[in-house]
Structure formats: C-alpha cells, structure tokens
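Asker: Order-wise, the sequence lines are chains Z and R. Heads up: the first sequence at position 38 corresponds to 38 in the working numbering, and the numbers run straight through without jumps. Heads up: the second sequence at position 83 corresponds to 1083 in the working numbering, and the numbers run straight through without jumps.
To be clear, the hints were calculated from the coordinates, so they are not data collected in a lab. On a predicted model such as this, the values are computed, not experimentally measured, just so you know. A portion of the hints provided could be inaccurate.
Unchecked claim - Covered, in the sense of this in silico footprint (three residues per stretch, anywhere, with C-beta under 8 Å from a C-beta of chain R), are these stretches of chain Z:
(1) 10-21
(2) 41-55
Claimed, not checked - A short list of chain Z residues far from chain R (calculated; beta carbon distances all over 10 Å):
(3) Met-1
(4) Gly-26
(5) Glu-30
(6) Ser-69
(7) Gly-70
(8) Thr-72
(9) Ala-73
(10) Pro-77
(11) Glu-78
By construction, the Cβ of each residue, glycine as well, lies at the ideal position given by its N, Cα and C atoms.
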Amino acid sequence: MTVTVRLPGALRDVTGGVTKVQASGGTLAEVIADLERRHPGLRDRILDGDGRIRSHVNVYIGDEDARASGGTAARVPEGSEVMVIPAMAGGA
Amino acid sequence: MTLTAALVRERVRGTILARIGDTPLIRLHRVGAGLAGELWAKLESANPGGSVKDRAGLWMVLAAEEAGALSGDRVVLDATSGNTGVALALVGAVRGHRVTLVMPDRVSLERKRIARAFAAELVLTDPLEGTDGAIREARRLAAADARYVYVDQYANAANPLAHELTTGPEIWEQSAGAVTHVVAGVGTSGTVVGISRALRPRGVRIVAVQPDDPLHGIEGWKHMATAIRPAIWDERAADVHATMGTEEAVTMMRRLAREEGIFTGPSGGAAVAAAVRVAREQPGRIVVLIADGGERYLSTPLWE
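Please model the complete structure; the sequences and the hints are all you need to start from.
Answerer: Shown next as structure tokens:
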C-alpha cells in the first residue's frame, strides 16, 4: 500500500530537506521502516528505544492522532496521508 | 525613548500588569541534594500571564507605545509558539490594543484558548514548519498591511532589555549578591542576553541551554544551528553553552512536581536538568530560570 508522508522541516538533516514522500506499508510501523530504508536515522528521531512514538512527536494518519489508534500498530489505509510534526515548537 | 524600569512601573501602576516580575526564588532542596552547589529556581509561572514572556510582552508593547507606533487602528503582531502570544494578548487587553498572533497549528490547546480569551486574533500556520513557518508568515503579513506593528520578539531590543532591567537585578537582590551562575534556555535568547548584561559585570557566569536535536519537545527553546537565528542572539552572552534532550527534560519535569511541588513544563525540566549538571561540578549558588507552569501542557501527552 502506498501512502503520502509529510515530514517536518526539523528533520531536514536526515531527509535532505524532503518534506513530502511516498512510502509503503499497511501499518505505521511498516511505513516508518520503509522511510528508514531511504532516510537512515529517521526512525530513531520519531520512535524511542522501545519503538513507541516519542512524547515530543505527533503522528497523524489522516486527521487521527496515531497514539489514539494503536500507536505504531495503527492501520494506514491505502492513499492516506501520514503527517509527522513536532508536538511543540519554540520561541525564551 | 528607551524604556526604564521606573517608566514601566509608572505606565502599569494600578493594573494587573504591575504584577509582572518580582517572581519567587525558591531553593530546590531535594533535586539539589548532594550537589557541590546550591540550586535555586526562579519561578516565572508566577507572572500574571503564567510565563516569563510577560516581561518581554509588556516591555515590547510599551516600547511601541512610547515610539508612537500604536495609535489608531494599529494591531500588535507577532509570531509565537504560545507564551509570548498569551503575554501580548494579556498586555493588549489591559492597554487597549488589538493583537494578532501567528502560531503553528497544533501548538498546545491551552495557549490558543488563553490567547483567545484575552481577545487576540490567531493566524495558524503549517505545523510542519514549526515556529520558523510562523515567523515567515508574520513577516509576510507585516509587509502586506501597514496596520500591523510587528513587534518581532526575536529582534526587539525591548525583549532583552526587560531582563537586563528586571529579571537580572531581581536575581541579584533575591540572592543578596550570592548568585554565582544563572542557567536559562535559549529561544528568542532575550532572557539569556538580558540577564547576562545585568549580571556578568558582577562576576556571574551565564549558562545557555539549547535542545540537543532540531526535532525536540522543549517548547519555547530553539535549536540555533538549524533554526532562523534571532537577531538579538549573541553567543558571547553566555560563558557556557549546554544542550539538553527532551527525554531527560521530561524526566526532570516530573521530578520537580513530585519532589519539589513545582509543576512546570518541559523547558522548566530541561533548564533544571542542565543546572543540576552545573551544580554537580561547581560550588556556589546556581539560579535556574523556570519559564512556565505545567498547566499549559495538560492537553499534551506529557502528563498522561
């Protein structure tokens, strides 16, 4: 299954500045694994050592917060958009 | 006209804005136990708008007033991840100015609702671009419509001036001149730059802390190497530049609530975690600035 993933500018050091990519996978974990193959290091920026979404990162599948739909086990429907965003953003 | 502390006091006399500043300085007995230095926290959540940004918000608006820039239908405009927005909205409500805030969509819900409660208008930008996206949109709005007075907290001299003339002297007086180090996070950098100007000439060492990763959860802080550089930032303001990770910040944030009764957010946790490192090595009195309270993050996963 192919989905569109939108990535934050804050990850440009591993994405090379790409903010919109196609990826494949039926679950969020599979989509992130596919992204990791193309952008090594990306997985660890989104997930912690236990494979959970880091507390300061929000992942949306369509309009749904992935945390509320099973975390990395969440289903990612064909053609959907996955968005990875900083849970917070800065200005002290 | 350059603002002075006396002029600011005169302008806000008899209003809630007179309660901005003079925040408490509290010893951290448990988190600071067994360290070489004494650890003290300055609690900026005690400001009326709930954060350190009340100081810069007040001084930036008053500076614009003194310059005659806020007459008629003019609108205060800034890009903010939230706390400055709340501060500007609060100050605007009291001083009678319209306020428009540009912030990334999906900043914590509390900030949006509090800013709206003070009658500010919000412009939400692409969350993928973070605060830098909000800055770019604020610049575009300011260039397109002359009614906007873009206070630009990242470039406004009144921001560090507020800290030079209030926060810094307060720390000196509250510690009876015993402060040896001040630890604070860097976002706009106004806090660090202003406190540095006030206290470095008195021999105090300044420790500036940044997030260790561009994608971080320390709201209000900036990863300078990858972000739009604030015009007011000057690396030379700090004696030591430290970094802090979000996980360690959040762990300390929870400890502060459980062990010290101080309910703060990730940036408060990050600053104290960095201050503990300093106090482990350095004798003296280490003052750490806690920028806001934990209530502002209740809608985020941090406290689930």
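Asker: Each hint: holds or not?
Answerer: Now the hints, each set against the structure:
1. 10-21: That given contact holds, which follows from 5 residues of the stretch 10-21 of chain Z lying within Cβ reach (below 8 Å) of chain R.
2. 41-55: Three-residue rule met by the stretch 41-55 of chain Z, so holds; n is 4.
3. Met-1: holds, 22 Å
4. Gly-26: Fine: 24 Å to the nearest Cβ keeps Z:Gly-26 off the interface.
5. Glu-30: holds, 21 Å
6. Ser-69: Correct as stated: the minimum Cβ-Cβ distance to chain R is 14 Å, above 10 Å.
7. Gly-70: Its Cβ never comes within 10 Å of chain R, the nearest being 15 Å, so this holds.
8. Thr-72: Non-interface label on Z:Thr-72 holds, nearest chain R Cβ at 15 Å vs cutoff 10 Å.
9. Ala-73: holds, 17 Å
10. Pro-77: The assertion about Z:Pro-77 holds, with a minimum of 21 Å to chain R.
11. Glu-78: Since the minimum Cβ distance to chain R is about 23 Å, Z:Glu-78 lies beyond 10 Å and the statement holds.
In this structure, every one of the numbered hints holds.
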